[in-house]
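2 protein chains.
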Amino acid sequence: MENELISTEQIEKLIDSKNVKELRHVFEVVPEIDIAEACADLEDVKKIVFILKTVKSEYTAEFFTDLPAEVKEEVIKCLSDDQLSEILESQFTDDIVDDLEELPANVVSRVLRNVPKEKRASINRLLNYKEDSAGSIMTTEFVVLLDDVTCDEAIRLIRKTGKNKETIYTVFVMDRQRNLVGTVDLDDLIFADGEKPITEIMNKDFNTVNVNDDQEDVANVVKRYDLNAVAVLNNDGRLVGIVTVDDVMDVIEEEQTEDISKLQMVTPLEDSYLQTSTFSMVKKCVPWIIVLLILGTFSSLVLSRFEARLNALPILAAFIPVIMDTGGNAGGQTIALMIRGLALQEFSPKEFWKIIRKEALSALIIALFIGVFGFIWFSLEQYTGIVSIDNASIWAGNCWTADFAIKTFKTSGLVAGTLSIAIFLSKMVAVVLPMGAAAIKKDPAIVSQPLLTTIVDVSSLVIYFSIAALLFSI
Amino acid sequence: MENELISTEQIEKLIDSKNVKELRHVFEVVPEIDIAEACADLEDVKKIVFILKTVKSEYTAEFFTDLPAEVKEEVIKCLSDDQLSEILESQFTDDIVDDLEELPANVVSRVLRNVPKEKRASINRLLNYKEDSAGSIMTTEFVVLLDDVTCDEAIRLIRKTGKNKETIYTVFVMDRQRNLVGTVDLDDLIFADGEKPITEIMNKDFNTVNVNDDQEDVANVVKRYDLNAVAVLNNDGRLVGIVTVDDVMDVIEEEQTEDISKLQMVTPLEDSYLQTSTFSMVKKCVPWIIVLLILGTFSSLVLSRFEARLNALPILAAFIPVIMDTGGNAGGQTIALMIRGLALQEFSPKEFWKIIRKEALSALIIALFIGVFGFIWFSLEQYTGIVSIDNASIWAGNCWTADFAIKTFKTSGLVAGTLSIAIFLSKMVAVVLPMGAAAIKKDPAIVSQPLLTTIVDVSSLVIYFSIAALLFSI
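Listed in order, the protein sequences are those of chains A and B. Every letter in the first sequence is one number past the one before it in the numbering used here, and letter 227, counting from 1, is 1515. Every letter in the second sequence is one number past the one before it in the numbering used here, and letter 274, counting from 1, is 1562.
Some clues are possibly wrong.
One copy or two, either will do: identical chains are not told apart, so a pair holds if it fits within one copy or between any two.
[Said to hold, decoys possible] In silico SDA-like pairs for lysine to any residue, Cα to Cα no more than 25 Å straight-line: (1) Lys1511 x Asp1501; (2) Lys1407 x Asp1354; (3) Lys1698 x Arg1593; (4) Lys1511 x Leu1632.
Calculated directly from the structure, the hints in this document are not laboratory data. Note that this is a predicted model, so its numbers are computed, not measured.
Construct the entire structure; sequences and hints are all you get.
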């Protein structure tokens, strides 16, 4: 039977009628995350507690994990210590750690008190790793085999020890000195001749990450090598945890949200859009607007200094927005390419000169092309009177005089020329900023956009009015 | 042993010295994708052919898949039909299909001629699915069991039939009428009592996708339910393929690159940055710059119509960039939130009014806050002479006269007021555009940014000069 979605009303009805049998059946036919989402909207948290008490814990482990943090907090408050213990027993350490990071201090200490002893040490260790490091997302529940077993023995050992591990699809092989010497994929084990020593079928070309590696690097390893799980080693080279592919998908999603948010200058939301309060939305948007507003002072300063030139030739003002928008966005394109390339590790800051050369060449061609196109377009704009010098145009009844033609071409040349230079400059700055940020280990997405806008705005205004002064002797 | 990276020089030396034994060893200790990358830089494609001929095909299957398209093309040209056949035999159908989409027509027909017969039908079918649909990314190599087997029998059958399938971690259970009735995860099979019928341990709450579903929807299902593989059904509800988690990771990466690229107005690159030619880079950037340039005509038009007002009060020009940058970017923040929310299916276009109300409230608060902050900031700018009316400021030696104060406050009020309205408007437009695009099944990322810029630029200029006319009677 295919999965049928469940509504908050349906689940509430089952709870209210104390129909435990049907409730258990729901857990068999509906994915837990869907039930958790339906329950998140229940007004009385006691109803969720009822589920946790009546449905088998092997079903509700994932259900509990999938509840939103604020609901989880209320649920925990309603549980006895014994009940809480039982639920925590069925949870993976990395999920508990994720929860602890979101719960208030008094709930955290209650959880830690009721966590099974053997998990407590791991949890405390995991809590100490830096945010977004491999250590903070890894789980300590994995299967280890010694390197002197045969494939049949390996399967038997996995059956015996693998039950509560996060994955058995990749198991880790150690020698007697407890060094990691290989990984074994369960499918290779299944197909292997049972008598073979495990060392013959294990992958010796496996990858590992360090506990302090950034989670994005972990994601890149798992993705590049199509792994099901990657081993996490501590600084002594000992296996201390693993990161599985489903955790990596969450990391990828989180990192992507961050990159898009920062490029568009909003602090990434922690919850989903609909769950984020208006107040926290305001907090995530306002600082960036203020940064832009303050940085905008530079362009105001420059423009006000050129007031005299603007007065002498007011048509100049008409082209300022198009120069700024087009110039700034040309750089934005390059920033997108840089941020993506760096995130996917297509290149590193060490290849700076290679990238600069590549981008300079294409920027030059783009700038020249847009220069020529712009010259024609801006001439047309003036010729047709869309933007008019002295309100003159062929259609306004003025004749197409030599003087008018010269002025038109000069203006078009000025605007198109400035635009060309602005595009080239903008694309160059857009390489330097993210690459520079990455080189000094700063987030390339966060500094790039507002700085680029300001640098391009100010420099294109200066270029614009300087050329204007030369061309029109103003 | 941990994986050791290999350089192009090292592999070239091994090939040149015809050291087949060591070459085979390399394939045992270095991940194939790393070898493929090292080989991609070899100048003589015959050297890669040498590898394919001498190293066992079970090792080189993935190696061949990981070669860049242009290298693959050259390699195929150097292979005999028999050799090509042998390589294709070891490839998954979905990988062959991916290649065919990138290779020139003459190579495609040679590949199709040499593909093993049983694969040819699947490949032809896969090639017919719409780009970016579930059908186009699925593989037809999966394990099916009938629902009357026991767990032990299931494992035996998997051993027998699973060898060349893309995954055995999820197998699919059908009834006698060939309807999909469940999925079984290999770990559940491993832990289950061997005598149990498979129907007792299979997941009945499984998810499926349709062959015509967008690949992004497939990715969302796999991610949400932490699946290892999802079943793809045709319109008659028959199981025709599966999509595995590693393919989903590629989809996620591709879709993210697309979203970021489109938001920053550059057509997404198909290859990595360093592999993209200058010419194709230019092609991906130029159209968008031209769109902006042409759309910029509207703001030029508006500004040139307000020339008289600008002449009467030239200081107005100084604040145009800050209004445009800040107003436009405030909307950009909202666009980022919308694009991400839609991509992660946090909400759908049906929730338009809910989102509009939520965003309107926060936009209003942000606009008011920035209005107040802006008023103070712009007053300071003028008070200190950074931007000066009639070149006056307390430091320029002019006294702080009542007239000067009134003019300053009026200007600050004008700029801050326009900015407030622009921010509110911009954020509202930034909800409507992507949600509207999504509602009519268009890509929300692509239309939003240039249209937003233009709408905000033009309307804030009109508002600015209209208020200015009222305040200063110009």
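### Query
For this structure, which hints from the list above don't hold up?
The structure breaks none of the hints.
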